[in-house]
Amino acid sequence: MNQPNDTHTLVDHLFRHEAGKMIAILTRLFGLHHLELAEDVVQEAFLKATQTWTYQEIPSNPAAWLMQVAKNKAIDILRHGQYATQYSREFSLRAKEQVEETVEEFFHENEIADSQLQMIFACCHPSLNSDDQLAFTLKTASGFGAAEIAKALLTNEAVIQKRLYRAKQFLRDQSIRLEIPVGGALNARLENVYTVLYLIFNEGYNSIKADELIRKDLCAEAMRLCKLLSEHSCGARPMTFALLSLMCFQASRFESRMDENQSIVLLQQQDRAKWNQPLIALAYQFLSRSSEGDELSIYHLEAAIAAEHCLSPSFQSTNWQRLLGLYDLLLERKKTPVVMLNRSVVLAQTGNPDAAIEAILQIPGLEKLISSQYIYSAVLGDLYLQAGNLDKAKEMLGKAYTLTTSQAEKKLIAGKLSASNFEN
Amino acid sequence: MKEFMLIFSGPDYSHHLSPDENQAQFGKWYAWVEELKKKGLYKEGRPLSPNGGKTIKGKEPVVTDGPFAESKEIVGGYFIIEVATMDEAVAIAKHCPDFELDGKVEIREVMTM
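Protein chains in written order, with the working numbering: chain A, -10 to 413; chain B, 4 to 116.
If you're looking for bench data, these hints aren't it; they were derived computationally from the structure.
Where hints are given, some of them may not hold.
What the hints assert, rightly or not - EDC-like mimics (lysine to aspartate or glutamate), calculated; alpha carbons at most 20 Å apart, straight line:
| # | chain 1 | residue 1 | chain 2 | residue 2 |
| --- | --- | --- | --- | --- |
| 1 | A | Lys37 | B | Asp90 |
| 2 | B | Lys31 | A | Glu46 |
| 3 | B | Lys46 | A | Glu46 |
| 4 | A | Lys37 | B | Glu47 |
| 5 | B | Lys97 | B | Glu38 |
| 6 | B | Lys31 | A | Glu33 |
| 7 | A | Lys216 | A | Glu100 |
| 8 | B | Lys41 | A | Asp162 |
| 9 | A | Lys37 | B | Asp23 |
| 10 | A | Lys205 | B | Asp23 |
| 11 | A | Lys62 | B | Glu38 |
| 12 | A | Lys37 | B | Asp15 |
| 13 | A | Lys140 | B | Glu24 |
| 14 | B | Lys31 | A | Asp1 |
| 15 | B | Lys46 | B | Asp90 |
| 16 | A | Lys263 | A | Glu249 |
| 17 | B | Lys31 | B | Glu47 |
| 18 | A | Lys140 | B | Asp23 |
| 19 | A | Lys37 | B | Glu24 |
| 20 | A | Lys151 | A | Glu168 |
| 21 | B | Lys42 | A | Glu33 |
| 22 | B | Lys31 | B | Asp105 |
| 23 | A | Lys37 | B | Asp101 |
| 24 | A | Lys157 | A | Glu168 |
| 25 | A | Lys37 | B | Asp105 |
Claimed, not checked - Okay, the calculated beta carbon distance ranges per label pair:
| # | chain 1 | residue 1 | chain 2 | residue 2 | range |
| --- | --- | --- | --- | --- | --- |
| 26 | B | Gly69 | A | Glu25 | 22 to 28 Å |
| 27 | A | Gly314 | B | Leu104 | 53 to 59 Å |
| 28 | B | Thr67 | A | His221 | 47 to 53 Å |
| 29 | A | Val327 | B | Leu104 | 40 to 46 Å |
Since this is a predicted model, take the numbers as computed values, not measurements.
A virtual CB, placed ideally from N, CA and C, is assigned to each residue, including glycine.
With the sequences and hints as input, model every part of the structure.
Right under this line is the structure:
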């Protein structure tokens, strides 16, 4: 399926991306309360494609073909459907008498991005909790199946089905309409969208346990939606570019973080020649666009931190002092345990492991974090190792080893454990 | 050479597949047909629409919707392939990608006059 220059094959994820578009357009026509009807139409289009393309030829523009089927079906439903008066208010206002022409307008190239963004804004409605926002965005805006979402988020399908059901029911019960908010409401909603895209990206980037392919899909999807946002007048603003820049910087290192034996390669040992330079160049472009205006968001700071790493020709030449300054600024805006932990690692690199350990011990609720998340004891163990406190190092690394279920992480920690034994 | 008709039927699985899975399933069908064509075994095939079928029967014929009312199965389409024996036809039909989705293939030899 993936051979290039073969006109008989489809591009990767064609169906998924088209599903996102079609669902958005159809839902804009039918109304959010008819989301399931939109999903049915999309399924029908896929079934029809599978059947006819198998027996005949794949059309030269498969995406347009799918869109046409969806459009025809939509016209059919809107003309003869049993819910005649209950479609979206936007459709009712625009429909006049000519159903067909109005549907054509909705399917017009210029309207597609609008529809997709309206859908993303609905998925990130502030009344939904963030777990539901995340699952619902992946399902509705990105065309993931419930099983795929479960696999990506390391949970089971029933949990995801429940979240999707809850989100759908809420939107229906509250008669939420598809729209791009304006004024202050737009700012607030954009913040929600950023958070969800950031979470989707991080799920893909950080969750070592999930399958490699699905992780890449999550990162790619977050980047695709963020790019869509950046290309629209409602979203072309510095914070969007900062987030997009952050994602590109991080993604440029995706491939070099694991070796062929599925072992984790730490930043220090990564082959920087393998970092994706075109992506880094793109990240810089977005970073410079993010600096128009005087806004300094957490995404600006995280992008700047990622840029610092990508800019440095080697680990040794990293400007740790500058990084520490960026982390201090980040901490003012986002005082979370993870940021505090990462800042400590940088602090240690400036030649002060004892201060770094002290800073970690100051993290509120550390006891609980240490007993539930391996990363805290793993970092502490490493810092104790650097500071020459081998007993403490062994204790912490041992704790981290039992906490993580990832083989790759276990391997990495075991390596450090043997180093602590060796030095003993 | 003889002609055999492969008739594909099964449950309407489409609602349980995600877009990606749908695409993957299509890819398998497409690859299968391409291979049969390359070997010169595939003569023709047509898909059947999943909705709107009718059945007529009785001495005073009665038209009913279906056959879906009686059986949950949908006939998705048919192939005509050209091979020497039923065994060969069976061997080919075993490669149908829909078995994992509870699909079914009926194989009938086309009678020659």
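For each hint, the structure was consulted:
Simply put, A/Lys37 and B/Asp90 have alpha-carbon atoms about 31 Å apart, too far for the 20 Å limit, and the pair is violated. At roughly 14 Å between alpha-carbon atoms, B/Lys31 and A/Glu46 fall within 20 Å of each other, so this suggested pair holds. Pair hint B/Lys46 plus A/Glu46 holds up; C-alpha atoms about 15 Å apart against a cutoff of 20 Å. As the CA atoms of A/Lys37 and B/Glu47 are separated by approximately 18 Å, the hinted pair is consistent with the 20 Å bound.
Distance check on the hinted pair: B/Lys97 and B/Glu38 sit about 14 Å apart at the alpha-carbon level, within 20 Å; holds. Our distance criterion of 20 Å between C-alpha atoms is met by B/Lys31 and A/Glu33, whose separation comes to about 19 Å. Taking the CA atoms of A/Lys216 and A/Glu100, the gap is about 16 Å. The hint holds against a cut of 20 Å. For the proposed pair B/Lys41 and A/Asp162, the alpha carbon gap of about 55 Å is over 20 Å, so the pair is violated.
Of the pairs offered as hints, the one joining A/Lys37 and B/Asp23 holds, with about 15 Å between alpha carbons and a cut-off of 20 Å not exceeded. Between A/Lys205 and B/Asp23 the alpha-carbon distance is near 14 Å, which keeps this suggested pair within the 20 Å criterion. Taken as a hint, the A/Lys62 and B/Glu38 pair is broken in the structure, with Cα atoms around 33 Å apart against an allowance of 20 Å. A threshold of 20 Å between alpha carbons decides the hint, and for A/Lys37 with B/Asp15 the separation of about 12 Å falls inside it, so the pair holds.
In summary, the hint linking A/Lys140 to B/Glu24 is supported, as the alpha carbons are separated by about 14 Å, within the 20 Å threshold. The straight-line distance between the Cα atoms of B/Lys31 and A/Asp1 is roughly 14 Å, inside the 20 Å bound, and the hint therefore holds. Straight-line distance between C-alpha atoms of B/Lys46 and B/Asp90 comes to about 18 Å, which keeps the hinted pair within the 20 Å bound. Note on A/Lys263 and A/Glu249: the hinted pairing holds, with a Cα-Cα distance of about 14 Å set against a maximum of 20 Å.
Between B/Lys31 and B/Glu47 the alpha-carbon distance is near 18 Å, which keeps this suggested pair within the 20 Å criterion. For the suggested pair A/Lys140 and B/Asp23, the alpha carbons sit about 14 Å apart, so the restraint of at most 20 Å is met. Taking the CA atoms of A/Lys37 and B/Glu24, the gap is about 15 Å. The hint holds against a cut of 20 Å. Under the criterion of a C-alpha separation no larger than 20 Å, the hint pairing A/Lys151 with A/Glu168 is inconsistent with the structure, at around 25 Å.
Straight-line distance between C-alpha atoms of B/Lys42 and A/Glu33 comes to about 32 Å, which puts the hinted pair past the 20 Å bound. For a cut-off of 20 Å, the pair hint linking B/Lys31 to B/Asp105 stands: about 15 Å separates their Cα positions. Between the alpha carbons of A/Lys37 and B/Asp101 the distance comes to roughly 16 Å, so the proposed pair stays at or under 20 Å and holds. Simply put, A/Lys157 and A/Glu168 have alpha-carbon atoms about 16 Å apart, close enough for the 20 Å limit, and the pair holds.
As the CA atoms of A/Lys37 and B/Asp105 are separated by approximately 19 Å, the hinted pair is consistent with the 20 Å bound. About 24 Å separates the C-beta atoms of B/Gly69 and A/Glu25, a value consistent with the hinted range of 22 to 28 Å. Between A/Gly314 and B/Leu104 the Cβ separation comes to about 57 Å, which falls inside the hinted range of 53 to 59 Å. Between B/Thr67 and A/His221 the C-beta distance comes to about 51 Å, which sits within the given range of 47 to 53 Å.
One distance hint, 40 to 46 Å for the beta-carbon pair A/Val327 and B/Leu104, holds here, with the actual separation near 42 Å.
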